[in-house]
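Q: Here the protein sequences come in this chain order: A and B.
By the numbering used here, the letter at position 179 of the first sequence is numbered 179, and the numbering carries on one by one without gaps.
By the numbering used here, the letter at position 107 of the second sequence is numbered 107, and the numbering carries on one by one without gaps.
Source of the hints: derived by calculation from the structure; they are not laboratory data.
Computed from a prediction, not measured in an experiment: that's the story for all the values here.
Just so you know, not all the hints are guaranteed correct.
Listed below are several chain B residues computed to face chain A (Cβ distance under 7 Å; list not exhaustive) [said to hold, decoys possible]:
1. Arg-8
2. Thr-40
3. Leu-47
4. Val-65
5. Gly-66
To spell it out: a stretch of chain B is covered by chain A in this simulated footprint if at least three of its residues, at any positions, have a beta carbon under 8 Å from a beta carbon of chain A; those stretches are [what the hints assert, rightly or not]:
6. 52-60
7. 67-81
Virtual Cβ for every residue (Gly too), placed ideally from N, Cα, C.
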Amino acid sequence: MTDRYDRQSFLGARAQEAIATARVGIVGLGGGGSHLVQQLAHLGFSHYVLYDPDQVEESNLNRLVGATQTDALEHRPKLAVAERVLRALLPEVEIDAFAVRWQDHPLPLRSCDVIVGGLDSLLDRSELEVCARRFLVPYIDIGLGVRRIAPEPPRMSGQIVLSMPGYPCFRCIGFLNEEDLAAEARLYGDAGPRPQVVWANGLLASIATGLVVDLVTDWTESLRAPVYLTYDANSGVVLPHPRLRYAVNRACVHFPDDDIGEPTFTPL
Amino acid sequence: MNVAIRLRRAFFSTLVDDLARPHAFAFERVGWVFARQATTHRGPLLLPDWYEPVNDEDYVRDDKVGARFGTAAIRAALQRARATNRSCLQVHLHDHYGDTQFSWTDCKTIDELATSFRALVALPHGGLVLSRDSATARIWLPDHDSPSSARVTIVGFPTRFGAEHP
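Between the sequences and the hints, there should be enough to build the whole structure, so can you do that?
A: Following this line, the structure appears as structure tokens:
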């Protein structure tokens with residue numbers, strides 16, 4: 001047991017202590033979130049706040065790491081699968097698990113040192129960023145999508161985006177904008193089958209895991225600015241998004257520094 | 001009860017830069033950090049967002065301690081805490097890198113200040129001690145008869161966790 005983390009000791013003399021101290025929030029325990037849970041547990045992250053209201057279905061088994069045929073047959077909550085994966089590696093792990101949308105019970109998210117979201121909608125991402133910014137929590141988003149424009153083969157792509165309080169936000173770097181949010185709202189309830197595959201989910205989650213580790217250990221001594229990476233799954237290439245370079249040295253205009261803490265309302 | 005204190009790295013750097021300035025006769029500088037309050041499911045969360053250094057003229061000569069200041073500085077801090085409904089933390093710098101901790105004198109001073117501040121502004125108050133790259137806090141919650149366990153997180157690139165205290 002004492003040498004469990006020897007192979008990652010290059011992360012730094014205090015790295016394992018930081019990893020064991022950090023409280024990680026994971027919102028969404030589907031294709032991306034299930035990989036995150038597994039990898040963070042292997043690394044020794046020992047405090048979690050987990051959200052997912054869904055149960056395991058047969059259609060999840062193509063990508064939900066840790067889930068079994070029996071879980072699908074019994075419609076076991078995804079939270080239970082995540083807890084099982086975590087406790088199998090870390091019996092003493094501290095898990096605050098909530099089978100609800102995070103918006104219905106947001107207080108636990110505020111206790112996190114970093115949040116990773118594997119959410120489906122832009123609106124959910126926007127709302128989660130507002131919460132993370134208000135309570136000074138770094139937020140990493142991962143997402144994957146497939147587009148089909150006949151007669152070309154399907155194009156699968158994804159993103160990993162880090163929103164750090166005090167730095168350019170999702171809107172500043174062009175990841176979120178009002179037009180896309182409005183377009184999504186018009187399609188409400190018509191989301192389609194949301195194509196997802198295990199290898200692409202795994203790659204995005206692995207990069208996000210690496211960001212979490214770097215954030216709390218500073219092992220690379222080079223993570224000093226927001227991250228916006230795009231993944232072209234057809235070619236297997238991950239690159240920084242070109243928009244990032246235009247925003248990285250600008251102050252965020254969407255989340256002023258004094259706009260933190262509990263929201264307050266001033267009567268007119 | 002666990003208290004979390006979370007501050008931006010840029011704000012932390014502002015504190016360190018100001019507190020590291022030499023004073024004409026005091027061995028160290030002191031200031032006040034004012035924090036908004038929030039709640040998590042595990043306890044209070046303090047979000048410092050304002051800093052006021054103790055004015056040069058408010059320091060009092062005393063070779064027995066690193067810094068001593070007069071009642072005008074305390075009155076000004078109390079007034080701001082009350083006017084803005086914010087927690088007030090006395091802050092100073094231990095000029096080294098790595099985890100830091102409160103001295104016996106730090107604890108005594110902070111305990112006296114925090115308990116008197118609580119009597120007038122019923123919020124968490126206390127003290128913050130910084131190193132060049134970390135911080136720790138001593139926090140008194142309203143109606144508690146001892147300091148609560150607190151941990152400071154410096155949020156940014158990188159995110160740094162201070163030692164839990166006490």
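Q: Would you mind marking each hint as holding or not holding in the structure?
A: A quick look at each hint next to the structure:
Taking 7 Å as the C-beta contact cut-off toward chain A, the hint placing Arg-8/B at the interface holds, the least distance being around 5 Å. About 4 Å separates the beta-carbon of Thr-40/B from the nearest beta-carbon of chain A, less than 7 Å, and the hint is met. Hint status for Leu-47/B relative to chain A: holds, with the closest Cβ pair at about 5 Å, below 7 Å. At about 31 Å, the closest approach between the beta carbon of Val-65/B and any beta carbon in chain A exceeds 7 Å, and the interface hint on this residue is violated.
Checking Gly-66/B against chain A by beta carbon gives a least distance of about 27 Å; that is not within 7 Å, so the hint is violated. Coverage of a stretch by a chain is defined here by at least three residues with a beta carbon nearer than 8 Å to that chain's beta carbons; for the segment 52-60 of chain B and chain A the count is 0, and the condition is violated. Restraint check on the segment 67-81 of chain B versus chain A: 0 residues with Cβ-Cβ distances below 8 Å, three needed, restraint violated.
Comparing the model with each numbered hint stated earlier shows that hints 4, 5, 6, 7 do not hold.
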